[in-house]
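Peer 1: Sequence:
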Amino acid sequence: LRVTWMSLLINLILSGLKFTAGIIGHSQAVAADAAHSLSDTTTDLAILLGARFWSQPPDSKHPYGHRRIETLVTLFIGIILTAAGISLAWNAISTIHTSLSSPQSTVHSPEATPSWLAFWAAIISMITKEALCRYTLRVGKSIKSISLEANAYHHRSDALSSIPAALAVAIAAIKPEWQMADPIAAILIGVMILHVAFKITWPQVSEILESGASEQARDEISTLARTVEGVRDIHKVRTRYVGAQLHIDLHVQVDKTMFIENAHNISMEVTHRIKNDGPGVHDVIVHIEPFEDAHS
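Just so we're aligned: 597 in my numbering is position 204 of the sequence shown, and the numbers increase by one with no gaps anywhere.
Calculated directly from the structure, the hints in this document are not laboratory data. All values reported here derive from a predicted model rather than from experimental measurement. Glycine included, C-beta positions come from ideal geometry on N, C-alpha and C. One or more of the hints may lead you astray.
[What the hints assert, rightly or not] Here are the simulated distance ranges between beta carbons:
| id | residue 1 | residue 2 | range |
| --- | --- | --- | --- |
| 1 | Lys-592 | Ile-486 | 20 to 26 angstroms |
| 2 | Ile-601 | Gly-409 | 31 to 37 angstroms |
| 3 | Ala-524 | His-588 | 19 to 25 angstroms |
| 4 | Asn-658 | Leu-442 | 40 to 46 angstroms |
| 5 | Leu-402 | Arg-445 | 16 to 22 angstroms |
[Claimed, not checked] Keeping only pairs whose Cα atoms sit at most 27 angstroms apart, straight-line, the calculated DSSO-like set for lysine-lysine is:
| id | residue 1 | residue 2 |
| --- | --- | --- |
| 6 | Lys-629 | Lys-454 |
| 7 | Lys-537 | Lys-649 |
| 8 | Lys-629 | Lys-668 |
| 9 | Lys-592 | Lys-534 |
| 10 | Lys-537 | Lys-592 |
| 11 | Lys-568 | Lys-537 |
| 12 | Lys-568 | Lys-592 |
| 13 | Lys-454 | Lys-568 |
| 14 | Lys-534 | Lys-668 |
| 15 | Lys-668 | Lys-454 |
Please build the complete structure, drawing on both the sequences and the hints.
Peer 2: What follows is the structure in structure tokens.
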């Protein structure tokens with residue numbers, strides 16, 4: 394996973410750049426953005442460690458393979474993002490509360506006014522992370538890796554969070570009396586991160602709860618099976634995801650007078666057609682039944 398090693402290096406560099414610029418440039422929003430980039434390194438490490446296990450072939454104890462490890466890693470990415478979003482928003486709210494309750498606090502001092510150094514650090518981060526997002530997403534889709542796709546959107550959330558950070562710094566630098574724009578932007582960044590975290594986390598929770606494929610996907614699978622000559626009916630179509638891999642179990646009804654060999658050939662053709670033309674199908678198990686015993 395060369396893309397993840399590259400991501401890890403870039404995130405470490407950007408974290409250091411934004412944290413330094415945030416401290417020196419007196420910007421809570423940019424420093425908060427640095428924490429977001431640092432959380433990216435955690436998910437990069439999780440992917441690098443997890444990939445060693447989920448890429449292993451199925452064995453006697455894990456007949457469906459080890460791709461569920463990728464689901465857990467992706468869920469971990471979502472949890473890390475959730476924690477980062479809550480922490481950033483909470484710290485910014487605390488800053489606003491301190492400012493409102495203590496008008497003479499350092500929040501209002503000239504030394505606390507964000508500088509253009511923080512602005513340019515946010516701009517560099519935004520451009521770099523969006524480019525990294527697009528590259529990671531392309532690789533993730535090509536190898537059908539949900540963890541890489543989740544990490545790509547993690548990069549994009551980092552890029553998007555740099556926008557309000559840069560705007561807040563620019564506003565406060567131009568109009569020092571509007572310093573409150575910086576912690577307000579930090580809250581906005583936290584909310585954006587939480588939104589991305591939900592989009593990453595919920596599908597993984599659904600998979601762990603065995604929610605299966607969508608109704609549209611199941612209908613497509615049934616339609617493909619019915620196109621095979623000799624199939625009289627389809628029922629009990631059950632699906633489950635193991636990582637990005639879709640596993641299907643369905644009952645196919647054929648004429649009760651059909652020879653076993655012919656029925657087996659039909660099951661093989663159903664399997665072949667669904668795996669080739671179905672929506673991301675990895676494995677198919679076909680149960681043959683006599684047509685008269687429908688819904689038994």
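Peer 1: Hint by hint, say whether it matches the structure.
Peer 2: Hint-by-hint comparison with the structure:
no.: 1; hint: Lys-592 with Ile-486: 20 to 26 angstroms; result: holds, 23 angstroms
no.: 2; hint: Ile-601 with Gly-409: 31 to 37 angstroms; result: holds, 36 angstroms
no.: 3; hint: Ala-524 with His-588: 19 to 25 angstroms; result: holds, 22 angstroms
no.: 4; hint: Asn-658 with Leu-442: 40 to 46 angstroms; result: holds, 44 angstroms
no.: 5; hint: Leu-402 with Arg-445: 16 to 22 angstroms; result: holds, 19 angstroms
no.: 6; hint: Lys-629 with Lys-454; result: holds, 26 angstroms
no.: 7; hint: Lys-537 with Lys-649; result: violated, 40 angstroms
no.: 8; hint: Lys-629 with Lys-668; result: holds, 18 angstroms
no.: 9; hint: Lys-592 with Lys-534; result: holds, 17 angstroms
no.: 10; hint: Lys-537 with Lys-592; result: holds, 18 angstroms
no.: 11; hint: Lys-568 with Lys-537; result: violated, 48 angstroms
no.: 12; hint: Lys-568 with Lys-592; result: violated, 36 angstroms
no.: 13; hint: Lys-454 with Lys-568; result: violated, 64 angstroms
no.: 14; hint: Lys-534 with Lys-668; result: holds, 18 angstroms
no.: 15; hint: Lys-668 with Lys-454; result: holds, 24 angstroms
Hints 7, 11, 12, 13, counting from the list given before, are not met by this structure.
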